Every structure is written in C-alpha cells, then in structure tokens.
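Engineer: Residue strings, one per chain:
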Amino acid sequence: MANEAEAIQSPGQEVAWLRAERQDRLSLLRAGGRWGIGQASRLDAQLRALELPSGRKVQVDAGDITVMDTAGAWILHRTIKSLREQGLSVEVSNANPSVAEMLEEVARNDSPCEIAPPTGNAIANLVAQIGESAVDIALETAQLVSFLGSIVATLARTAVHPKRLRLVPLVHHMQQVGLNALPIIGLISFLIGVVLAYQGASQLQKFGAEVFVVDLIAISILREIGILLTAIVIAGRSGSAFTAQIGSMKVNEEIDAMRTLGLDPMEVLVLPRVLALVITLPLLAFFSDVIGLFGGALMAWVTLDISPGLFLERLHSTLGPWTFWVGIIKAPVFAFIIAMLGCFEGFQVVGSSESVGQKTTRAVVESIFLVIVVDAIFSIFFAFIGI
Amino acid sequence: MTSDSANDSASDSDVIIRVRDLRNQFGSQVIHDGLDLDVRRGEVLGVVGGSGTGKSVLLRTIVGLNRPAAGRIEVFGQNLAGLSESDRAKQEKRWGVLFQDGALFSSLSVAENIEVPLREHTDLPPDLIDEIAALKISMTGLPPEAGPKFPAELSGGMRKRAGLARALALDPEILFLDEPTAGLDPIGAATFDELIKQLQQALGLTVFMVTHDLDSLHAICDRIAVLAEKRVMVIGSMAEMLEYSHPWIREYFHGPRARAVVGA
Chain A
1 MANEAEAIQS PGQEVAWLRA ERQDRLSLLR AGGRWGIGQA SRLDAQLRAL ELPSGRKVQV
61 DAGDITVMDT AGAWILHRTI KSLREQGLSV EVSNANPSVA EMLEEVARND SPCEIAPPTG
121 NAIANLVAQI GESAVDIALE TAQLVSFLGS IVATLARTAV HPKRLRLVPL VHHMQQVGLN
181 ALPIIGLISF LIGVVLAYQG ASQLQKFGAE VFVVDLIAIS ILREIGILLT AIVIAGRSGS
241 AFTAQIGSMK VNEEIDAMRT LGLDPMEVLV LPRVLALVIT LPLLAFFSDV IGLFGGALMA
301 WVTLDISPGL FLERLHSTLG PWTFWVGIIK APVFAFIIAM LGCFEGFQVV GSSESVGQKT
361 TRAVVESIFL VIVVDAIFSI FFAFIGI
Chain B
388 MTSDSANDSA SDSDVIIRVR DLRNQFGSQV IHDGLDLDVR RGEVLGVVGG SGTGKSVLLR
448 TIVGLNRPAA GRIEVFGQNL AGLSESDRAK QEKRWGVLFQ DGALFSSLSV AENIEVPLRE
508 HTDLPPDLID EIAALKISMT GLPPEAGPKF PAELSGGMRK RAGLARALAL DPEILFLDEP
568 TAGLDPIGAA TFDELIKQLQ QALGLTVFMV THDLDSLHAI CDRIAVLAEK RVMVIGSMAE
628 MLEYSHPWIR EYFHGPRARA VVGA
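Chains as they are written, first to last, in the numbering used here: chain A, 1 to 387; chain B, 388 to 651.
With the rest of the complex left out, here is chain A (with noise of 0.2 Å):
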C-alpha cells in the first residue's frame, strides 16, 4: 500500500539506495545495496533531508543491504538515534546476520570525544605565553651558564691531565668544520670583496678617490667583515652540526649510555668540538681575509685600474698590523660562542626526533644573535682603547 515513494536511486547490486515510503500509521524506509564508505557522503546528504511522515513509529528495512562497512552503518545509526531522540519508535529489519552485527558494533562504539586539545581564551593563552616564555628564557640561562661552567672545568682538568684530550676526534672535528668549510667560505668571501670594491668604486670615483677603495676593501674585510661571516657560516654549518649530532644520541639514549660505561659526555663529545672551532675559526678566519682582499684587488684592478702592485703597496702604507688583529682576536671568541651553543642546545634535546630540529634553529639563531652582540662589545672596546 505504498502510496508516495520517493525513490532516490534505483536499487542496483553495488551502489546504495534509499527509499521512505508511507504506509497506515508506519513510515517504511528501505535501504538497499553496498552501504561503504564510498557511498557515505551521498546517503548521510540524503537521511539529513529525510522528511519522515507523522507517524509515531518507522521501521527500517534493511533486508537489500548487501555489504556495510562502518561508516554505512554509522549513518544508518545515527539517523536511528536522532528519530528515537525524536520520541519515535524505529525498528530495523530483515537486516543479515552480518549487517546486523554491524550496527550492533557501532552502536556499541558510540562515544562522542574531542577532536583537538581545547585551546581556551586567546588573551590568556598570550599571557601564558608570555609567562612561559620569560620562565623558559630564565632558566635556560641559568643552565646556559652551568654549562659554560662545567666546559672551562673539563678543560682545566684536560689542562693538568693533557693525555685525557681526545686528539683523534679533534683532528676529525677540525677536519669537518675546518677544512672543509675552506670552499664556501672562500667562494663567499671572494664575491663579498668584489662587491664591495665594485660598490666603493663606484662611489669614490664621484670625488676623485679611486685609490681609498683600498682602504674601504681592507679595513671592512680585516676588521669587520672576514670574520663576522666566517662565523655566521660556521655557525649554520657547524652550530647546527654539532646540536644535531648530539640531540639525536641524546634521542637514542647514547648519551646516557657513555654516562653508564664511565665516560664523561663533556670530555668525549663537547670539548673536542669546543677546541676543533677554537683552533680552526681564527685560520678560517684569515683565509676569508686573504681571499677577500683578493677578490677586492681584482675587482679595482679591473674596474678602477689600481694594480696588484699599487694595491699592496698602499696596503703597506696606511694600515698598521693592529687592522688584522683586531679581527682575528675575535674569532676564537666567536668559535667558543658557536660551540658552546651548538652542543648547549643538544643536550636540551628532549623525547622525539621533532625536537632535534627545534633545538637546531635555536642554536643557529642564538649563536649568530650573541656573535653580533659580541662584536658590537668588541667594537665599543676597541674605539675605548683607541686602535
């Protein structure tokens, strides 16, 4: 006696239909074919618009469902759960022994929960942040500070006992971050000096004091400039070579493994790369000098016509030694800075592997941050001695 059937899709052997029709005092709806997953999007648009007829009970009438997966059979169970909240009585049908299970076993599973950790009150969550952050800052210090502490003690104690040193990792770490950072750092300083050359002379030459571009070149290159970026390169490829490396033992337990066979980690892994950057900064350092004012000399060479000879020979003439050695003498600083910051950070490596990579641009950026900091020390002290 079914008199307004709405059929939404002929009822074929794979794909799921659903129809409601009226019959006395009952609404029929039958439901057929494959209810999975692929289907769900089109049947839950379809139970939502559903419009049942007044009528205080439905059945359901599932005998044609052929496959159910769980996503079929939760849409089915939901549309069921919201006609019983509804104050109606529905009933399933016919279903097979499978099918039938299988809504039992979502019904079953039926526990809503949160999707994302609550996220609370954006003002406070700032000021918790904010919070968080000095608290973080402050005891990072503090450790900070603890570690470059227990460095200069392991150092002493190497000092007294020199045979405790590590000489074979040393040699490796100054192979690493020494030697073969000559390619990038000379490439780089070489094209810094001929930009620099290239950019004074152009300006110099407004005025008619081409040959103070040898000034320009040597005293930015020799003061300033050959050191600063050794060790901003350095301390993106070596900084964070070194937290990497020791984050990810610390990831693997390694680190409290040499504690449990009597090794001290600051000996074995901290100190040879603290005394490899030590060692090798300041002749990086000379190196980027050297090839920058090569670069610098070409470039005035060329453009300006001031030859090698010339360029020498006013080098000689108006820089005094203290020019070069009030950039080399930071560079073991620096190295100690980029060092100590790079396994520093390591060692603050906690739990996952995500971890390592945090800590990595941390070092990077602290050590690059507290380089120029350092520097501008540098420069204040050295204008206060005048030289």
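The set of hints was computed from the structure by calculation and includes no laboratory data.
All values reported here derive from a predicted model rather than from experimental measurement.
Built from N, CA and C at the ideal position, the CB exists for glycine as well.
Each hint should be verified, as a subset may be incorrect.
As the list claims (entries may be wrong) - Part of the chain B face toward chain A, derived, beta carbon under 8 Å:
no., residue
1, Val450
2, Gly451
3, Leu452
4, Ala456
5, Glu472
6, Ser496
7, Ala498
8, Asp510
9, Leu511
10, Pro512
11, Asp517
12, Ala520
13, Pro531
14, Leu557
15, Ala589
16, Leu590
To be verified - Heads up, simulated DSBU-like pairs for lysine-lysine below, C-alpha to C-alpha not over 30 Å straight-line:
no., chain 1, residue 1, chain 2, residue 2
17, B, Lys480, B, Lys584
18, B, Lys536, B, Lys584
19, B, Lys617, A, Lys81
20, B, Lys536, B, Lys617
21, A, Lys81, B, Lys536
22, B, Lys480, B, Lys536
Let chain A serve as the given structure and place chain B on it in line with the hints.
Structural biologist: Using the frame of chain A, we list chain B on its own:
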C-alpha cells in the same frame, strides 16, 4: 602445505594477495629470491622468520614502499606494478597499514590523525568525519579522553591502538600489521591480539601480520608463513608448523618459549 611453492588448493577468487617470484636486494645483499606467497581473503596470516630474513621488507614491498628487483605482486587481482597512479591510489585506500610504533603524525592529536585519510580521500562533511573518528577511537579500545591528546602524551600501547584506528579509518579490506605486539607488556599484548581478532571478525578483514610473538601466532593466526632461505619456506596452521622438521622451524616452534605457549 609444506611444499616449496605457497600455492595451495585455494581457488583464485579466494586469494587477495598473490606474490610470485619476488626478488628483493639491497646492493649485493639478496633478501628475497623466488618468493611466492598467497594470502586468502578473510584470514589472519602471521609472517615469522629470524632477524634479517626480510619480514618487514616483504610487508613494505607489498604495500609499495619498496620496489622489488623482480617479481609480480597482485593485490585484489591486479598487478600493482602495472597500475596507473590513480588506480594505485584507489588500491591504497583499500588497505591500512599499522607501523611498528604507530607512526602517528606528532603534530596532530590522535583524533586528527584518524581524520587525515578521511579528509584526504572522502568528501564526507566535517561533523561526520569527527563522528567517524570518535567511533574508531572507541572501536580500538581507546578511551574518549585520548582523542584530543597528542601522540607524545600516550603510552606505547595506546599509540599502537591509535595507529590501528588510523589504519582502519577508511574501512579497508586488508590490514597490514608490522610487529603489532612488540614493546607491549604481556597483558597489553594479549588484549591487542584480542582486539585485532575481534575487529577482524567484525569488519571481515584480511590481516597480514609480521610478528615475533608466539602468543599472537597461537592466539589469532589462521595460518603462519615462515620466511627462511630467502623465500617462504612453509605456510600452514600452527599444528602443521609443529610437525615440520626444518631445524630452524623446529627450534622456533619447539623452543622453551614456544613450549610454554603451545603447551606441548
């Protein structure tokens, strides 16, 4: 059942994964050579073998994470190597993989992890996706409180359950498990075994399980495939394993640990 080839009397329609003449090698090291394997629809197959016999490599090769040097792999009757990109993607939606430690995305909560495949591969409305994620969380035996938590906040057992929930998100037909009970305490391992069996029956799954756990083999596997000498040496039920006379297999299934499980 104990012949060299894994060919059984199972008819073609029953076989859901068919591996023929598979060869895997890394550099000069040959892992598999002439490996044949049939997995039947609806069974729980346990794959065992000594360390380095390439159990995980076999799993990774079947799901396409590792390209074999030679051989043929058919899943759902289609040769995987011959499929176009889009057909392959369709196949991949029909299986789920649980990696050893869950391999959950660490920047997403558990529920969001389960939603990833649903958002990526279906056009379901967002509220329905949330509901299905909650359903899977409950089905894998996680408490509702676990939903908004990040993987790092969960225990190893819970991470495995969450990984299982994500593997089941798209209602796959085949479930690949890589050492599902490794690293769990005996009670946790036993409940996880039960969970797999229960889900397998409720959802009609085919389960391909790499394992070392004799309890799992005994409790839930219909058939066991033993990898040795670069191929599937034998495949059959637990009872058949116990009768086989290969030295490694004897030692494996008759060792002190095995005796405790089988009660032999």
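Engineer: Against this structure, judge whether each hint is valid.
Structural biologist: A quick look at each hint next to the structure:
The interface hint given for Val450 of chain B is broken, as the beta carbon of that residue sits about 19 Å from the closest beta carbon of chain A, more than 8 Å. For Gly451 of chain B, the suggested interface contact is broken, since its CB lies about 21 Å from the closest CB of chain A, more than 8 Å. A hinted interface residue such as Leu452 of chain B counts as satisfied when its beta carbon comes closer than 8 Å to some beta carbon of chain A; here the least separation is about 19 Å, so the hint is violated. Annotation: interface hint on Ala456 of chain B violated; nearest CB of chain A at approximately 30 Å, more than 8 Å.
Nearest Cβ of chain A to the Cβ of Glu472 of chain B: about 19 Å, over the 8 Å cut. The hint is violated. For the restraint placing Ser496 of chain B at the interface with chain A, the shortest Cβ-Cβ distance is roughly 5 Å, inside the 8 Å limit, so the hint holds. For the restraint placing Ala498 of chain B at the interface with chain A, the shortest Cβ-Cβ distance is roughly 4 Å, inside the 8 Å limit, so the hint holds. Among the interface hints, the one on Asp510 of chain B holds; its C-beta lies about 5 Å from the nearest C-beta in chain A, closer than the 8 Å criterion.
Annotation: interface hint on Leu511 of chain B holds; nearest CB of chain A at approximately 5 Å, less than 8 Å. Hint status for Pro512 of chain B: holds, given a least beta-carbon distance of 7 Å to chain A, under 8 Å. Checking Asp517 of chain B against chain A: minimum C-beta separation of about 5 Å stays under 8 Å; hint holds. Using the Cβ-Cβ criterion of 8 Å, the hint placing Ala520 of chain B at the interface with chain A is satisfied: the shortest such distance is roughly 7 Å.
Using the Cβ-Cβ criterion of 8 Å, the hint placing Pro531 of chain B at the interface with chain A is satisfied: the shortest such distance is roughly 4 Å. About 6 Å separates the beta-carbon of Leu557 of chain B from the nearest beta-carbon of chain A, less than 8 Å, and the hint is met. Because the closest C-beta pair between Ala589 of chain B and chain A is about 5 Å apart, less than 8 Å, the hint holds. Checking Leu590 of chain B against chain A: minimum C-beta separation of about 7 Å stays under 8 Å; hint holds.
Between Lys480 of chain B and Lys584 of chain B, the direct Cα distance comes to roughly 21 Å. Compliance with the 30 Å bound is thereby established for this hinted pair. Proposed proximity of Lys536 of chain B and Lys584 of chain B is supported: the alpha carbons are some 26 Å apart, at most 30 Å. Restraint check: the Cα-Cα separation between Lys617 of chain B and Lys81 of chain A comes to about 54 Å, which exceeds 30 Å; the hinted pair is violated. Taking the CA atoms of Lys536 of chain B and Lys617 of chain B, the gap is near 42 Å; set against the 30 Å cutoff, the hint is violated.
About 28 Å separates the Cα atoms of Lys81 of chain A and Lys536 of chain B, which keeps this hinted pair within 30 Å; it holds. Between Lys480 of chain B and Lys536 of chain B the CA atoms are separated by roughly 26 Å; this keeps the pair inside 30 Å, and the hint holds.
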